[in-house]
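Numbering of the sequence shown is given in full-length UniProt numbering, commencing with residue 1 and proceeding in unit increments.
The hints are simulated quantities; they were obtained by calculation from the structure and are not laboratory data. None of these values were measured; they are calculated from a predicted model. Watch out, some of these pointers could steer you wrong.
Okay, derived cross-link-like pairs now, DSSO-like style, lysine-lysine, Cα gap no bigger than 27 angstroms in a straight line [to be verified]: (1) K153 - K87; (2) K97 - K37; (3) K37 - K120; (4) K185 - K97; (5) K97 - K177; (6) K177 - K120; (7) K97 - K87; (8) K163 - K120; (9) K120 - K130; (10) K130 - K97; (11) K130 - K38; (12) K130 - K185.
Pairwise CB distance ranges (calculated) [stated by the list, open to error]: (13) I82 - N171: 17 to 27 angstroms; (14) G146 - F44: 26 to 36 angstroms; (15) N122 - E167: 47 to 57 angstroms; (16) S5 - F44: 51 to 61 angstroms; (17) M165 - I74: 35 to 45 angstroms; (18) N171 - T80: 50 to 60 angstroms; (19) E110 - I42: 31 to 41 angstroms; (20) I74 - Q135: 50 to 60 angstroms; (21) A181 - N83: 48 to 58 angstroms; (22) Y89 - S50: 54 to 64 angstroms; (23) I74 - E167: 42 to 52 angstroms.
We treat Cβ as the ideally placed atom computed from N, Cα and C, and that holds for glycine.
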Amino acid sequence: MEQNSQIEILEAQVRECYGRVVWTHKTQEKCADLLLKKQDRIKFWQIVLSAITTSGIMVSVFGDSKPIGIISVIISLILTIINAYVKNYDLGGLAQKHSVAASSIWNIRENYLSLLTDIKSNSLSIGEIKTTRDQLQADLHKIYKGAPRTIDKAYNAASNALKNMEEMTFNDEEINKLLPAALRK
Numbered sequence: 001m002e003q004n005s006q007i008e009i010l011e012a013q014v015r016e017c018y019g020r021v022v023w024t025h026k027t028q029e030k031c032a033d034l035l036l037k038k039q040d041r042i043k044f045w046q047i048v049l050s051a052i053t054t055s056g057i058m059v060s061v062f063g064d065s066k067p068i069g070i071i072s073v074i075i076s077l078i079l080t081i082i083n084a085y086v087k088n089y090d091l092g093g094l095a096q097k098h099s100v101a102a103s104s105i106w107n108i109r110e111n112y113l114s115l116l117t118d119i120k121s122n123s124l125s126i127g128e129i130k131t132t133r134d135q136l137q138a139d140l141h142k143i144y145k146g147a148p149r150t151i152d153k154a155y156n157a158a159s160n161a162l163k164n165m166e167e168m169t170f171n172d173e174e175i176n177k178l179l180p181a182a183l184r185k
């Protein structure tokens, strides 16, 4: 097989791997964001329901209002259910695991991008491309083994971010703003 066609085949595979890693990285990030948002909402409602329950109990104790006491009991029961849910699910810890996975995957993503750059610049032999590709796949496998599973909602958010919000793309003008003057086009 001709060397150029071998390199083209390897490049196509590395491009595919790069694309999958970009999606996985963004999905892990979005999963962490969703879990933190959910945790914040739960904590907000815990505070609100605690305040309402406390106020209702005070009115029941110091006043003469049986309906407020009954409402306080119902709200207290709802708060107990929320607290039991939070006790069983550490949303903050799970969000942190997604963030760690995203950070590790980011490094692999950047290494794939560097490999594609090296392939395009013809600075690697076929053997070097294969060795680097295989090492990236092995490193990625280790990360995936320890990464938490993602959810459909996070995948959909990642899809929107990458396709519609163009979170991974820059035009020359945007890149130039980020670079020192000596490196601008």
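Checking against the hints above, which ones are violated? Those not satisfied are hints 3, 4, 5, 10, 11, 12, 13, 15, 22.
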